[in-house]
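Trainee: Going down the list, the sequences are from chains L and Y. Mapping to numbering that gives the first Met the number 0: the first sequence position 53 is 52, numbers consecutive. Mapping to numbering that gives the first Met the number 0: the second sequence position 31 is 30, numbers consecutive.
Don't take every hint at face value.
Think about it this way: if two alpha-carbon atoms lie no more than 25 Å apart in a straight line, the pair counts; the simulated DMTMM-like pairs of lysine to aspartate or glutamate are [stated by the list, open to error]:
{"#": "1", "chain 1": "L", "residue 1": "Lys87", "chain 2": "L", "residue 2": "Glu98"}
{"#": "2", "chain 1": "Y", "residue 1": "Lys161", "chain 2": "L", "residue 2": "Glu98"}
{"#": "3", "chain 1": "Y", "residue 1": "Lys161", "chain 2": "L", "residue 2": "Asp93"}
{"#": "4", "chain 1": "L", "residue 1": "Lys87", "chain 2": "L", "residue 2": "Glu74"}
{"#": "5", "chain 1": "Y", "residue 1": "Lys161", "chain 2": "L", "residue 2": "Glu74"}
Simulated from the structure, these hints should not be mistaken for laboratory data.
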Amino acid sequence: MSPNELSSYLTIGAILFGLGLFTVLTRRNAISVLMGVELILNSANINYVAFSHFSSGNSAGQIYAIFVIMLAAAEAAVGLAIVLAIFKLFHTIDVEAAETMKD
Amino acid sequence: MSVSTAVFNLIALLLVVSAAMVAFSRNIIYSAFSLLGTFMGVAGIYIFLGADFVAAVQLLIYVGGILVLILFAVMLTHRITDVTITNRAAGRIPALIVVVGLVYMLIQTVRTTPWAAAKQVTFASTTATIGDAFLYDYLLPFELASLVLLAAMIGAVVLSRKEIKE
Chain L
0 MSPNELSSYL
10 TIGAILFGLG
20 LFTVLTRRNA
30 ISVLMGVELI
40 LNSANINYVA
50 FSHFSSGNSA
60 GQIYAIFVIM
70 LAAAEAAVGL
80 AIVLAIFKLF
90 HTIDVEAAET
100 MKD
Chain Y
0 MSVSTAVFNL
10 IALLLVVSAA
20 MVAFSRNIIY
30 SAFSLLGTFM
40 GVAGIYIFLG
50 ADFVAAVQLL
60 IYVGGILVLI
70 LFAVMLTHRI
80 TDVTITNRAA
90 GRIPALIVVV
100 GLVYMLIQTV
110 RTTPWAAAKQ
120 VTFASTTATI
130 GDAFLYDYLL
140 PFELASLVLL
150 AAMIGAVVLS
160 RKEIKE
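Isolated chain L, as found in the complex (with noise of 0.2 Å):
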């Protein structure tokens, strides 16, 4: 792979998207599920960033991976604060595990 060419750091996104789909998809353990969404926001902003430097020339696929590392963010506080009541509640963060609506 060479690091003049659009196509290897395509290659790594998919790679990576991969990687934390499959994490989304068999993951029990809530955070984890959060981790694959990680790697697949990561896998987005570097085809971002990537097309941004290959055609446009222009930076506007980096503020647009700005916005999303941002975006990321919020989501982790969020994310990880519902985690943390689900196993004040429950007891465990298994998402199979915590399934009723109500107490």
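Use these hints to put chain Y onto chain L, whose structure you have.
Mentor: Same frame as chain L, but now just chain Y:
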């Protein structure tokens, strides 16, 4: 093979291997720490793409913020001494089939598409450009982002506080 190609391949290897550790490790602590390698690898990729500001933001927010948050959540939520397999996984084989098919399709698309050839690549500092864009063209999204962050902060506080019964 030039030095930059070698470094690029090394970073890509670090990225993919640590992401695979996140996906396949049976211990959630290993998964959480492998995430460090993934985030650092992505920052390295950003540097190769000439996005120095995004790389710095990636290191500050992902490694310094989100990863620490995830590690705190891991430490707070499960009793590490109780269970040997802390990171259960289910339905691995169907998920593996779906994901391998999807990634194969994506990589084939990337390989067969005739991408435009790279322009003359310049590695200039991007911080000033990004700051200008945020305060002119992207001012409304920028302000909305601050509202979103405020809402997320209040939401996290409300969710994690102790409920006081009257």
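Trainee: Determine for every hint whether it applies to the structure shown.
Mentor: To see whether the hints hold, each was checked on the structure:
Of the supplied pair hints, the one linking lysine 87 of chain L and glutamate 98 of chain L holds, its CA atoms being roughly 14 Å apart against a limit of 25 Å. Proposed proximity of lysine 161 of chain Y and glutamate 98 of chain L is supported: the alpha carbons are some 22 Å apart, at most 25 Å. For a cut-off of 25 Å, the pair hint linking lysine 161 of chain Y to aspartate 93 of chain L stands: about 22 Å separates their Cα positions. Between lysine 87 of chain L and glutamate 74 of chain L, the direct Cα distance comes to roughly 20 Å. Compliance with the 25 Å bound is thereby established for this hinted pair.
The suggested pairing of lysine 161 of chain Y with glutamate 74 of chain L holds, with an alpha-carbon distance near 21 Å, which does not exceed 25 Å.
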